[in-house]
Amino acid sequence: MLKFTEEHEWLKIDGGVATIGITEHAAGQLGDLVFVELPEVGATFSKGESCATVESVKAASDVYCPLDGEIVDVNQAIVDDPALVNSDPQGKAWFFKLKLADPSSADALLDEAAYKELVG
Amino acid sequence: MESISRLKHTPLHALHLSLGARMVPFAGYEMPVQYHEGVLKEHLHTRAAAGLFDVSHMGQIAIRPRSGRIADAALALERLVPVDVLGLAEGRQRYALFTNNEGGILDDLMIANRGDHLFLIVNAACKAADFEYLQRGLGDSCLVTMLNDRALIALQGPRAEAVLAELWADIASMRFMDVAEADIHDVGCVISRSGYTGEDGFEISIPAASAVDVAERLLEHPDVMPIGLGARDSLRLEAGLCLYGNDIDTGTTPVEAALEWAIQKSRRSGGERAGGFPGADRILAEFANGASRRRVGLRPDGRAPVRGGVKLFADPEGKVAAGTVTSGGFGPSVDAPVAMGYVDAAHARSGTKLFAEVRGKYLPVTVSALPFVEQSYKR
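Heads up: the protein sequence lines correspond to chains W and U, in order. FYI, in our numbering the residues of the first sequence are 1 to 120. FYI, in our numbering the residues of the second sequence are 1001 to 1379.
What the hints contain is simulated information worked out from the structure, not anything from laboratory work. Among the clues, some could well be false.
Said to hold, decoys possible - Under the rule of at most 27 angstroms between Cα atoms (straight-line distance), these lysine-lysine pairs were calculated in the DSSO-like manner:
1. U:K1361 <-> W:K47
2. W:K97 <-> W:K47
3. W:K92 <-> U:K1041
When you get a sec, could you build the whole thing from the sequences and use the hints?
Take a look at the structure:
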């Protein structure tokens, strides 16, 4: 199941675990990334809490946790090479995997059509 | 947030839109923050070839002595700036500061001696106040005019001279901080060999009606790319240059800001025209005794950028305050984060380890000499 948030994140949900990244639209708006900071495996976040940071040459931006859950994996590849987020934001450049506290909470997020409408 | 509809446009506004610029509000103007290529590539292109910047939002002010003697205008202006204006030769330009009675900085600017008048370039956000201040301070002896009918573009980078030489052959005879009149594409321009990137380059004052024509002509050259405010900021930061409002303001003095070089010997204690500018008591005392804090370069040890506003500490637990970052980000040419800020005099020596509070962590940074990149001015 592929879902999106109004904060421009995508979630690929499989068996109660969501693989989460930022959308192509978000990556384009941020520009070339030069630094990524990811949460620690085992950390828990509530929906809307800042759980990662991305920085371009000119600004830092927060990435917000889209749902309640626990971090079960992070993508070291984007820490080593932040430019990967610009080149493949919805593929290789996933940010982290979140074990959802309540898998049904994902139902309320945007589907792909609704997200496409949002970003025009 | 300024309403976008009330923002002023420079003469190049439509050109920016046609080039795909992302426009943002800046100092009352709608300005390009970046174009298609993005900040990183624009920055690197400027250091490798040539970048074209629209800086028409900045104020261009002419000061004409009522007596007809340029020395009268120079001496009048010296009452407001701690620099040697009288000694500035015709066809030369220098950096200057308006200081206030407390020794703080009201604005930083360029002053050129154009023979029969002085030509000033001031910051966009300060230009209305500067103009009033100049009229009030110099109006009795000088005619002060804001040149609202001129655009200002900068061409910066190692290829800038060669690009301009195709339009004006005499360009190669200019050296750093020279100012000359030139016909570019049959348009009467005023060119200075200066800029805000640390690179060799030129700033060109153009009649507004011809600005698009000249800019398009320069952009036709394969070495030239349009550059937005984003890369302008990262370029000047790597070059160790102050941004007024961030790194210097009414709360910082020239000595705290490590701008002693801008105050020539003639205006310092013992000089022919020592003092006689606002805040001279404090500024000259700081020359003699040092200031309690100082602007320094900062190199974060890690990859995380340390940005303006971040607090600095002497210890990794954040117990002993040491200063504040005033500008910081990622330096594309350095390929690492770079910053500058004010630290207490005790921590100002190059090599000193400090700790920057970023998102609840204390990241190690090292006090470093400025600039972060080698300047390539044609002296």
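Hint-by-hint comparison with the structure:
1. Annotation: proposed proximity of K1361 of chain U to K47 of chain W holds, straight-line Cα distance about 23 angstroms (limit 27 angstroms).
2. With a C-alpha separation of about 14 angstroms, the suggested pairing of K97 of chain W with K47 of chain W holds against the 27 angstroms cut-off.
3. With a CA separation close to 23 angstroms, the supplied pair K92 of chain W and K1041 of chain U stays within the 27 angstroms bound.
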